[in-house]
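S.K.: The lines below spell out each chain.
Protein chains: 2
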Amino acid sequence: MSVQKAAVVGTGVIGTGWIVRMLANGYDVVATDPAEGAEEHMRRAVEQAWPYAEQLGLAEGASKGRLTFEKELAEAVKDADIIQENVPEVEELKQTVLQNIDRHAKPDAIIGSSTSGIMPSELQANLQHPERFVVAHPFHPVYILPLVEVVPGEQTTTENTEKAKAFYEAIQMRVLLVRHEIEGHIADRLIEAIWRESLHIVNEGIATTEEVDKAFTHGAGMRYAQYGPFLTFHLAGGEGGMRHMLKQFGPALKKPWTKLEAPELTDELYDKVVSGCEEQSNGMSMSELDAHRNEFLVKLYDLVQEYWPKETEKTRV
Amino acid sequence: MSVQKAAVVGTGVIGTGWIVRMLANGYDVVATDPAEGAEEHMRRAVEQAWPYAEQLGLAEGASKGRLTFEKELAEAVKDADIIQENVPEVEELKQTVLQNIDRHAKPDAIIGSSTSGIMPSELQANLQHPERFVVAHPFHPVYILPLVEVVPGEQTTTENTEKAKAFYEAIQMRVLLVRHEIEGHIADRLIEAIWRESLHIVNEGIATTEEVDKAFTHGAGMRYAQYGPFLTFHLAGGEGGMRHMLKQFGPALKKPWTKLEAPELTDELYDKVVSGCEEQSNGMSMSELDAHRNEFLVKLYDLVQEYWPKETEKTRV
Numbered sequence: 001m002s003v004q005k006a007a008v009v010g011t012g013v014i015g016t017g018w019i020v021r022m023l024a025n026g027y028d029v030v031a032t033d034p035a036e037g038a039e040e041h042m043r044r045a046v047e048q049a050w051p052y053a054e055q056l057g058l059a060e061g062a063s064k065g066r067l068t069f070e071k072e073l074a075e076a077v078k079d080a081d082i083i084q085e086n087v088p089e090v091e092e093l094k095q096t097v098l099q100n101i102d103r104h105a106k107p108d109a110i111i112g113s114s115t116s117g118i119m120p121s122e123l124q125a126n127l128q129h130p131e132r133f134v135v136a137h138p139f140h141p142v143y144i145l146p147l148v149e150v151v152p153g154e155q156t157t158t159e160n161t162e163k164a165k166a167f168y169e170a171i172q173m174r175v176l177l178v179r180h181e182i183e184g185h186i187a188d189r190l191i192e193a194i195w196r197e198s199l200h201i202v203n204e205g206i207a208t209t210e211e212v213d214k215a216f217t218h219g220a221g222m223r224y225a226q227y228g229p230f231l232t233f234h235l236a237g238g239e240g241g242m243r244h245m246l247k248q249f250g251p252a253l254k255k256p257w258t259k260l261e262a263p264e265l266t267d268e269l270y271d272k273v274v275s276g277c278e279e280q281s282n283g284m285s286m287s288e289l290d291a292h293r294n295e296f297l298v299k300l301y302d303l304v305q306e307y308w309p310k311e312t313e314k315t316r317v
Numbered sequence: 001m002s003v004q005k006a007a008v009v010g011t012g013v014i015g016t017g018w019i020v021r022m023l024a025n026g027y028d029v030v031a032t033d034p035a036e037g038a039e040e041h042m043r044r045a046v047e048q049a050w051p052y053a054e055q056l057g058l059a060e061g062a063s064k065g066r067l068t069f070e071k072e073l074a075e076a077v078k079d080a081d082i083i084q085e086n087v088p089e090v091e092e093l094k095q096t097v098l099q100n101i102d103r104h105a106k107p108d109a110i111i112g113s114s115t116s117g118i119m120p121s122e123l124q125a126n127l128q129h130p131e132r133f134v135v136a137h138p139f140h141p142v143y144i145l146p147l148v149e150v151v152p153g154e155q156t157t158t159e160n161t162e163k164a165k166a167f168y169e170a171i172q173m174r175v176l177l178v179r180h181e182i183e184g185h186i187a188d189r190l191i192e193a194i195w196r197e198s199l200h201i202v203n204e205g206i207a208t209t210e211e212v213d214k215a216f217t218h219g220a221g222m223r224y225a226q227y228g229p230f231l232t233f234h235l236a237g238g239e240g241g242m243r244h245m246l247k248q249f250g251p252a253l254k255k256p257w258t259k260l261e262a263p264e265l266t267d268e269l270y271d272k273v274v275s276g277c278e279e280q281s282n283g284m285s286m287s288e289l290d291a292h293r294n295e296f297l298v299k300l301y302d303l304v305q306e307y308w309p310k311e312t313e314k315t316r317v
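Line by line, the protein sequences give chains Y and H. Per the numbering used here: the first sequence = residues 1 to 317. Per the numbering used here: the second sequence = residues 1 to 317.
Do not take every clue at face value.
Listed next, the in silico EDC-like pairs over lysine to aspartate or glutamate satisfying Cα-Cα at most 20 Å (straight line) [to be verified]:
no., chain 1, residue 1, chain 2, residue 2
1, Y, 247, H, 91
2, H, 255, Y, 89
3, Y, 299, H, 295
4, Y, 310, H, 169
If you're looking for bench data, these hints aren't it; they were derived computationally from the structure. Just so we're clear, the structure is a prediction, and the values are computed from it rather than from any experiment.
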């Protein structure tokens, strides 16, 4: 089966993001949402996002005209090859809507849920055809950011996971296959860690929301657009890479540098982290990685200068 | 006093980063480090970094030729107007070196420490002239990333904090004045939160280091180059901004989405976060913020496509 027609259930910020990405990649999309004024709201959101999709490049034949809205969920999903569910993050509601989708969709249609945190085995437990269900968790704005976490549940077949993966790749996404179910999948666990620490800092009166944001964007945030937490620290270790880094900053795991409890830095964890970084360097030497990062950051620096938010008046000392 | 001459104590990754930034901004720099081969290592590091400093733009008269190396700390610091300390992150060592600097420097020279996590009041406690000491914590690579956290201690005078701030601004940095001392200052608390959660994920066998990195860079990491954790969530809330966001994802604070304990979302914290986000939006409407972010991300997307690390062979499902 190759996907001809997609359905989007729930047309909030995430749902409309999916719609734009699917349309821009040349698919027919049927959308549904029971809310008052949903169609109008959806069409306005699609209009607003479309210029950015155009700048990124439209597939041949891609058109906003290939979007239809159906008031009835049963009608919306019945011919779709893939159905993307984006209702609010309330487990009971998601269960009910997914059962409805499952009942009215073709038995071999893929069902993907955009859930931020709920595990797929829970969401598929009461479906008639659980084997075609995956979590497919995107990031806002969905029509620009390429990451999607695809998480199969216990009952999902390998074949269907592959089908889902192929579809998300076809709409220009970077698929991260999450091999083990966990609440918050992977990315949101990192985001939630930053979020909780940020809230603690504001809660304790250490800094304002603006100061916290600035502490991130003008430093580490720039690095994270290119390299994640591991490769960033691998590079901060100089020629010794992660090996040196863990010697230098491993002890900080014992300190109250965040409210977060750290794991014990066992030999096994040490080996996993060091060999992981060496492997993902893909044969690039430390100085090649270093130059690669610098070239990127210099270009990024020009760009962010123009796009960082303007600072509000600061409290002077 | 305006700074004419800078001294850099400790010439590892951070120390050489400062040297390049200071030279590129037209200062005379004297460096010192007791390690075997330190001068040669330093000069090589400066050579490697220089082309990026050039691309960002050199100040008039800026030259690598204005760097000298002194084996003796006393000699290196004696004429300097600002002295930047970058020895390893071991408190006793920093205390000893800072006392040496304090003894040999001019009494009104500013002393800045690059410490990642130690509080300034502790580091200045045993100085003869503690009033001119600040923490000035930069981010790697120091010659590109603009953030510096300036943290005065209990004994630092307002005048000296202002002098330090003016110097770091003169070398093209974005100064975040940290008004309350806390271990890890602000930025490293966020970085440490990500780092600890990342280690837990690898430790529990959920994902590899490469998968964790990808979960970050292809999604949230791109956003964080422009907006920090607060403005990002403000935008994710759609037209309702942070107000809606806290309603939607506030309950996730109670869930095990990270190993990090969350603060209680009290009315007071709610108000601080919502009004903070509204204030830092600087009068931009949600749709203006949204468009501003999209314009940035579309340009960033072209850039990162070229600079993201190549993926290693993936385990297929």
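S.K.: With reference to the structure, classify each hint as holding or not holding.
M.R.: Comparing the hints with the structure gives:
{"no.": "1", "hint": "Y/247 x H/91", "in the structure": "15 Å, holds"}
{"no.": "2", "hint": "H/255 x Y/89", "in the structure": "13 Å, holds"}
{"no.": "3", "hint": "Y/299 x H/295", "in the structure": "16 Å, holds"}
{"no.": "4", "hint": "Y/310 x H/169", "in the structure": "16 Å, holds"}
When the structure is compared with the earlier hints, no violation turns up for any of them.
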